[in-house]
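On the provided structure of chain A, position chains B and C as indicated by the hints.
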Amino acid sequence: MGTVLLGILAGGPAHGYDLKRLHDERFPSARPLAYGQVYSTLARLGRDGLVETVETTQDAGPERTVFALTPEGSRVLAEWLDEVETPGSYTAGELLRKTVSALHAGAGAADFLRRQRAAHLAAMRVLTRELADAPDIGTRIALDHTIAHLDADLRWMEQTRDRVNQQNNPHHATSGRAPDNESDDQGEITVTQR
Amino acid sequence: MRPLWVVVAARGGRGRGALVAGCTAMVTALLLVAASVVRLGGARITERLLAPIADPGTRGGAVVAIVLTTVPLLLLLDQAVRLGSAGRHRRFVALAVAGATGRDLRRWSAVEVALPAALGALLGVPVWLLLRRLLGVGLAARTGALVPVSVGPGPWAVAVLLVVVGYAAWVGRRAGSRAAQAVAGGRGPQRPPRPWLALGLLALALVVGGGYLGDLGGLRDLVGPLTVLLLALGIAALSPWLAYVAADRTARRARSAAMLLATRRLTADPRQAARAAAAVGAVAMTAGVLSAFVPQVSSGSYEAEDYLVPALVVGVLALVALLTIAGSLAVHSTETVLERRREMAALVATGIPARVVSDSQRLEGLVATLPLALLGVLLGGYGYGLLVHVGTGGLLWVTVAVPLTLAVVYVAVAGSTRLLRPWLLEAVDGASLRTE
Amino acid sequence: MTEQTMREREPMLAARAVHRSFGATTALRGASIEIGAGEHVAITGPSGSGKSTLLHCLAGVLVPDSGLVTLDGRRLDELSLDERTRLRRVQFGLVLQFGQLVPDLTAAENVALPLLLERRGRASARAAADQWLERLGVGDLADQRPTQLSGGQQQRVAIARALVTSPRVVFADEPTGALDTVAGERALEVLVSATRETGAALVIVTHDNRVAAVADREVVLRDGSTEPVGARP
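Protein chains in written order, with our numbering: chain A, 1 to 194; chain B, 195 to 630; chain C, 631 to 863.
If we strip away everything but chain A, and leave its shape as in the complex, we get (with noise of 0.2 angstroms):
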């Protein structure tokens, strides 16, 4: 939380009511922030050195302060967006689960997985045609990440199909260009016991 508002306040100073407006433009798909979290992370930012006040006017009215970043907190800022995040380790999630079940029990795991697909597909329709409502750019990229993600599983959806068909059936080619056999091949998936 603190570096999202050192990142936010790298665009010049703000007010804290500002912090908060600018945050949940950028991270619609995150939980609005409240004030009281804005005030609280600001006051350790300042403990920290990473932030000042550069200006407090006292009108009628409540109190503006005006916050601003420092040196340190422009350094910390920069090394934070130096490290590299730790790519997605993606393990096992319950598709995966249940995806590799599906297939070890036999029969039905192409049912398992057209039924998968559709859903899949039904998800991804509501969130295209979200995207094409989509107000601004931060929703757009949000939507954009998940609609990514879901095509990606999707993806290794097929790819698992064909896998396991190549393995199954080792002559059998995996692009669809069958050759002249009499299969009724509805893309029946079985696996064998290893």
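Just so you know, these hints were derived from the structure itself, not from any lab. Incorrect hints may have been included.
Unchecked claim - Which chain C residues stay away from chain A? Per the calculated CB distances, all over 10 angstroms, these: (1) Pro641; (2) Gly666; (3) Gly697; (4) Thr700; (5) Ala753; (6) Gln761; (7) Arg798; (8) Ala808; (9) Thr828; (10) Val844.
Stated by the list, open to error - Here are some of the chain A residues that sit facing chain C, going by a computed Cβ distance under 10 angstroms: (11) Lys98; (12) Ala118; (13) Ala122; (14) Ala123; (15) Ala132; (16) Ala148; (17) Leu154.
Quantities reported herein were computed from a predicted structural model and do not represent experimental measurements. The beta-carbon is built from N, C-alpha and C at its ideal position, and this holds for glycine as well.
Only chains B and C this time, still in chain A's reference frame:
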């Protein structure tokens, strides 16, 4: 291992090579005949030759005429070289990727054409001997030989062979440079042709022709053929501009889809069609001259037979030339369709009937050739008619010949397009849309 | 629109048990599909599964070896060649991946072409073409040749040509395949919104899941046949 250039040349394709060899053989033979005629010179002629060749006054014209008969063959040669350009493009791309430079590609392309051309040129000698037998010795007993038997081309033969092979190599090189450009990333929009060179040549022709009316003494004999030559060159140089302008003006007013496609195709690439159109113009000019010449010769003082037979021969040759040219035009436009079969198939898939595409080919040929045919027949007919004072009777014949010539050109162009329709239909079939 | 409601009404366009081969290759073996009026359907499947061939059979570009394709209940193979060509011109629109515009004609002339064949006057055809180009955001490119346009712009001209006769069905074969992400997104957006506006059905062939997601439903082709409908709505 065979040297690379042999490998590349050998891939040229047998059909194409045969066509190139055939054309150059005929061209060589005709040029050898022309050279023989020239060598008749001032010496006394011992054999019985046809009047236009025997008479030194008209001999120059005869030589020009023989040389002009090579033009449709050269056109066919040009067209033969362009055949299979899609395959050649792919080959050249592969060669370029492997490291061939533009110069390499041009060189190989020149060799690819020069080899069969050299073979054809050598074959031209026996063909010339054959012509000598058929049209020389054979005709001498009856009306008078077309081909001199007593005199041969002599040392000129070597020059003829070199010129023919050199020309073929040049044509091949040009095709190679086009392909190299395409490989390098397309030519970009071509500049429209300009009329200045052509107009200059025509002006020169008029000046020289004007000499005919003056008194030049010994040079008089040269004036006629020189004028004709300059006129022919002038019209040939004018044809790309004429074709472009005719197509452009018609395109703006085009009301039907076929006309729009035809005229825009012409404005995008007028030069190939213009070359054929120029040849058609020359043929039409011949027709025009004949239409004035024949009545002139049949009336009274001339030995009609001496001149009518060659006139008939010329007429037949002109017709054959026209058919060859129309054929080469049709092959060219079909080649174009085959080169862009995907766009054409897509066009038909979106609901433009194949018939419309075929019609546009026909219109393309007509828009290119009819204006020049008109110009040619008018210049030839009225030009010659007025020059030799052929009289109102003769001019009447010319006036009849004009629409007749245009009609024959129409039939030739329309007919040859129709003949190639099966290839068109195959190219635009839905199966051409497949990418795999 | 669920599958059940679909089956209750007569589909506007349908293919039943279509087989089609090209020489030794069998592209379609018993593919079936139904498309209702105004529906947006995606045809998906691995490459080589016969998607484009199915599209071409539906659009009347190819005649199947066996099986039938019907429009409003009428069999397409019973139409004469001229009738089928006219059908494609007036009632169908086609957008391909690339290479579909005549390079010698300007954008406006390309779009006006089908109208000229419908005996619309030059001026009227040109006006309609300009209108559609404007609507698709490429109005200022009307007098340019296709070679002077970017891939995305060419696709929009192609879409304009497909829509200019107000067709009932627009067929699109990998319309974004040759385009970068942004251009592809925009072209797709334009295609979907224009067909929704005019109420035309849209049949898109694609291997991209994200393109498939813009349609109301998908039909999956594998090895030349359509997967049976088994999904719960």
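We went through each hint and held it up to the structure:
1. The Cβ of Pro641 (chain C) lies farther than 10 angstroms from every Cβ of chain A, with a closest approach of about 20 angstroms, so its non-interface assignment holds.
2. Once the 10 angstroms rule is applied to beta carbons, Gly666 (chain C) is consistent with being away from chain A; the minimum gap is 17 angstroms.
3. Even its closest Cβ contact with chain A, about 16 angstroms, leaves Gly697 (chain C) beyond 10 angstroms, as expected for a residue assigned away from the interface.
4. With a closest Cβ-Cβ approach of about 24 angstroms to chain A, Thr700 (chain C) is found to remain outside the 10 angstroms limit, as its non-interface label requires.
5. Once the 10 angstroms rule is applied to beta carbons, Ala753 (chain C) is consistent with being away from chain A; the minimum gap is 36 angstroms.
6. Remark: the non-interface label on Gln761 (chain C) is consistent with the geometry, its nearest Cβ contact in chain A lying 24 angstroms away (cut-off 10 angstroms).
7. With 10 angstroms as the threshold on Cβ separation, the claim that Arg798 (chain C) sits away from chain A holds: the shortest Cβ distance comes to roughly 23 angstroms.
8. Every CB of chain A is more than 10 angstroms from the CB of Ala808 (chain C) (nearest about 19 angstroms), matching its label as outside the interface.
9. Annotated as non-interface, Thr828 (chain C) keeps its C-beta farther than 10 angstroms from every C-beta of chain A; the closest such distance is 18 angstroms.
10. With a least CB separation of 6 angstroms from chain A, Val844 (chain C) falls inside the 10 angstroms interface cut-off, contrary to its annotation.
11. Using the Cβ-Cβ criterion of 10 angstroms, the hint placing Lys98 (chain A) at the interface with chain C is not satisfied: the shortest such distance is roughly 17 angstroms.
12. Because the beta carbon of Ala118 (chain A) sits about 4 angstroms from the nearest beta carbon in chain C, less than 10 angstroms, this interface hint is met.
13. This hint holds: Ala122 (chain A) has a C-beta 9 angstroms from the nearest C-beta of chain C, less than the 10 angstroms allowed.
14. Among the interface hints, the one on Ala123 (chain A) holds; its C-beta lies about 9 angstroms from the nearest C-beta in chain C, closer than the 10 angstroms criterion.
15. Against a cut-off of 10 angstroms between C-beta atoms, the interface hint on Ala132 (chain A) holds, since the closest Cβ of chain C lies about 7 angstroms away.
16. Among the interface hints, the one on Ala148 (chain A) holds; its C-beta lies about 8 angstroms from the nearest C-beta in chain C, closer than the 10 angstroms criterion.
17. Because the closest C-beta pair between Leu154 (chain A) and chain C is about 5 angstroms apart, less than 10 angstroms, the hint holds.
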